[in-house]
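Q: Modelling step: build the complete structure from the supplied sequences, incorporating the hints.
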Amino acid sequence: MKEKNDFFDQVYQVVRLIPKGRVTSYGAIAKYLGAAKSSRVVGYAMNASHSIENIPAHRVVNRNGLLTGKMHFETPDTMQKALEAEGIQVKDDQIQNFKSIFWDPMVELEV
DNA sequence: CCGATGACCATTT
DNA sequence: AAAATGGCCATCG
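If you count the first sequence from 1, position 2 lands on 1116 in the numbering used here, and the numbers rise without skipping.
Warning: the hint list may mix true and false statements.
Quick list of in silico lysine to aspartate or glutamate cross-link-like pairs, EDC-like style, CA-CA up to 20 angstroms [what the hints assert, rightly or not]:
#	residue 1	residue 2
1	K1134	D1191
2	K1134	E1222
3	K1195	D1207
4	K1151	D1120
5	K1134	D1207
6	K1151	D1218
7	K1134	E1167
8	K1134	E1224
9	K1134	E1198
10	K1205	D1191
11	K1145	D1120
12	K1213	E1224
13	K1134	D1218
14	K1145	E1224
15	K1145	E1198
Source of the hints: derived by calculation from the structure; they are not laboratory data. None of these values were measured; they are calculated from a predicted model.
A: See below:
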């Protein structure tokens, strides 16, 4: 077995750990991995998640709690519907109470 | 093989 | 205070 130390796989691991009804940001994951400057790469990893399964990318949003990547799903509504299905209130692509449901890997996982 | 791009965030001007 | 850009990694053409 090869442990993929690739940034992508590490991101997938964290994304999969996101509890239901919670959301996190790209920067939070990047920071948790120790690459705050690679927040962009985290977002791109989500784009690659299309090739992988079990990647709840809908639970990952930008720093403003805005559904930036909704257009990358099957349909632009898939992301919002998935979030609402978990009890997350989303309006105008903006997560309500985002700060309340924000799941910080550095705090929850606490290295 | 090389160039360009992409679901971001933080800092500088 | 607002706007622009820099930095990161991998994948696509």
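Q: State the violated hints by number, sorted upward, taking the hints as numbered earlier in the document.
A: Per hint list: single violation, 15.
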